[in-house]
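Colleague: One letter stands for each residue in the lines below.
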Amino acid sequence: MADRHKQTKSKYTLDRKVPGAFEGETVTRRRLMGLGVNGAGIVAASAFLLPALGFAIGPIFSREPFDWQPIGPPADFTQDTYKTETVTIVPGLGEVGKSTAYVRARNPAIDTEPADQYNQFIALSSRCMHLGCPVRFTAAAARFICPCHGGVYNFRGIPVGGPPVRPLDRFYTRVNNGLVELGPRYSVNSELRRFSARDPGQPLDGIGQYLYPARFSTSVLPKN
Amino acid sequence: MPKLPAPPLPKSLKPKPKRPGEGNGNGNGDGAVGLSHPVAEAGVSAVDWIDERTSLSGGIRWMLFRKVPRGVNWFYTLGSATMFAFLSQAVTGVFLAMYYRPDATGGAYESMRYITDQAFLGQFVRGMHKWGSSVMVILIFLHMARTFFFGAYKYPREMTWIIGVVLLILTMAMSFTGYLLPFDQRAYWATIVGVNINGTGPFIGPYLSDFLRAGPEFGATTLSRFYAIHMLLLPGLIIALIGAHLWLITKLGISAPPWLKGEPDPELEQTEV
Chain E
1 MADRHKQTKS KYTLDRKVPG AFEGETVTRR RLMGLGVNGA GIVAASAFLL PALGFAIGPI
61 FSREPFDWQP IGPPADFTQD TYKTETVTIV PGLGEVGKST AYVRARNPAI DTEPADQYNQ
121 FIALSSRCMH LGCPVRFTAA AARFICPCHG GVYNFRGIPV GGPPVRPLDR FYTRVNNGLV
181 ELGPRYSVNS ELRRFSARDP GQPLDGIGQY LYPARFSTSV LPKN
Chain R
1 MPKLPAPPLP KSLKPKPKRP GEGNGNGNGD GAVGLSHPVA EAGVSAVDWI DERTSLSGGI
61 RWMLFRKVPR GVNWFYTLGS ATMFAFLSQA VTGVFLAMYY RPDATGGAYE SMRYITDQAF
121 LGQFVRGMHK WGSSVMVILI FLHMARTFFF GAYKYPREMT WIIGVVLLIL TMAMSFTGYL
181 LPFDQRAYWA TIVGVNINGT GPFIGPYLSD FLRAGPEFGA TTLSRFYAIH MLLLPGLIIA
241 LIGAHLWLIT KLGISAPPWL KGEPDPELEQ TEV
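Protein chains in written order, with my numbering: chain E, 1 to 224; chain R, 1 to 273.
So here's chain E without its partners, still in its complex pose (with noise of 0.2 Å):
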């Protein structure tokens, strides 16, 4: 409800008495000269702080390359046990960038995922699904053992006992020149359904799929 006791401002300068106002002014010379400076320097801060707030942020979306990595004729590896293969993970960085993965021949006895060209050697990750730990293969009990906090997977990777939330992750396998091949990380659920490479405690059963969302940065299965 208006106030009809209120007197509406004109928008004119001139109108309201403002010193130094002339003829159609509408914006004082100080507000203009406020406004100014005030946008300067928004404008001067962000030229520093959005490229380093674009240069700190920006790893989370640059998609990390991968290279197949050669690791020995399929005759080395058998479908009762894993053998241990020495993978790098980031390349350039030495002992740091380097990790383990457990990998045998696909025993269709055992292993009821369906069969494609990438998972006919099983590599797995040795990677805790708790935390991050290194998992270890102990043949004696078939069983994968983190030291971390007592967390105990299957001979396929699924886990059996302890915190991990999800089986352990896989790579990617093919044969090429007769050799076996170990392309990119992925994390699969329960049910050795495939999802692109997780962080270790990150659910991905029901909600936890979505919860935990895909990666910018995750290194995807080159196209070829």
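Just so you know, these hints were derived from the structure itself, not from any lab.
There could be a bad hint or two in this list.
Pairwise CB distance ranges (calculated) [claimed, not checked]:
no., chain 1, residue 1, chain 2, residue 2, range
1, R, Gly107, E, Arg194, 33 to 41 Å
2, E, Leu211, R, Gly236, 30 to 38 Å
3, R, Thr105, E, Gly161, 35 to 43 Å
4, E, Thr81, R, Ser88, 48 to 56 Å
5, R, Thr54, E, Gly34, 29 to 37 Å
6, R, Ser175, E, Arg63, 53 to 61 Å
Everything numeric in this text was worked out from a predicted model, so none of it was measured.
No residue lacks a Cβ here, since even glycine has one placed at the ideal position from N, Cα and C.
Given the coordinates of chain E, assemble chain R onto it according to the supplied hints.
Modeller: Quick look at chain R alone, frame taken from chain E:
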């Protein structure tokens, strides 16, 4: 502005009243300072020169010579103790940074070995920084407990409490980022676990851990990123917030212990007839 209390100088330092008919020898005859030795005069005039241009002495008196409530005790020193633990961390950290190399391919661990085994007093300075970090975390929690149990976070000191909580979080972040720097097995795996705990936050967790690692895997820039956060970003924030914390403490005064009963001013009890 109210008159500031005079600093509580011991009697021997207080200016003596002039004897009749006697100047104090410095020629201006104001008699404010009863020192006549030329060396002392030089010091006084240098301090005066600075104070005339900055008025710092008023601020120092405002900061240091405050009235405190009756019944304050040793528990009230925990905040200062935390600040001194931080200062110790800052000084030892600066000197460690002169030798440390954030090089993930092996240089970081080698530079830590050099500090520990070769550099003069290196083991001592590194030990101060390592154990001092635990001391700082323990002290900041004790200080928080004192503030909580004495009810010192209540009106009008809520802002001081909130800034203190932010300082606690920043101290935790310092501990997390500093833990990686020795770059031994323990540091590496503890950081892997810590980053993955960050990643379990729904929706933003995966991107947060990508931000911390500067990529999807622990990579070449993860160590230098942690180092920069540890020695540039967080210390700057902590220093700024300690300044705000101290300013609020000085402005609002410290709270009385909860067992102290308030004594009403006898003038207020007089009934006017």
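Colleague: Just tell me: holds or violated, for the beta carbon distance of R:Thr54 and E:Gly34 against 29 to 37 Å?
Modeller: The hinted range 29 to 37 Å holds for R:Thr54 and E:Gly34, with Cβ atoms some 31 Å apart.
Colleague: Falls inside 53 to 61 Å, the C-beta gap from R:Ser175 to E:Arg63?
Modeller: violated (32 Å)
Colleague: Is it true that the C-beta distance of E:Leu211 to R:Gly236 lies inside 30 to 38 Å, as the hint says?
Modeller: holds (34 Å)
Colleague: That 33 to 41 Å hint for R:Gly107 and E:Arg194 (C-beta), does it hold up?
Modeller: holds (38 Å)
Colleague: If I claimed the Cβ atoms of E:Thr81 and R:Ser88 lie 48 to 56 Å apart, would that claim hold in this structure?
Modeller: Holds - the Cβ-Cβ distance for E:Thr81 and R:Ser88, about 54 Å, lies within 48 to 56 Å.
Colleague: Does the hinted range 35 to 43 Å hold for R:Thr105 and E:Gly161 at CB?
Modeller: holds (37 Å)
When the structure is compared with the earlier hints, a violation turns up for hint 6 alone.
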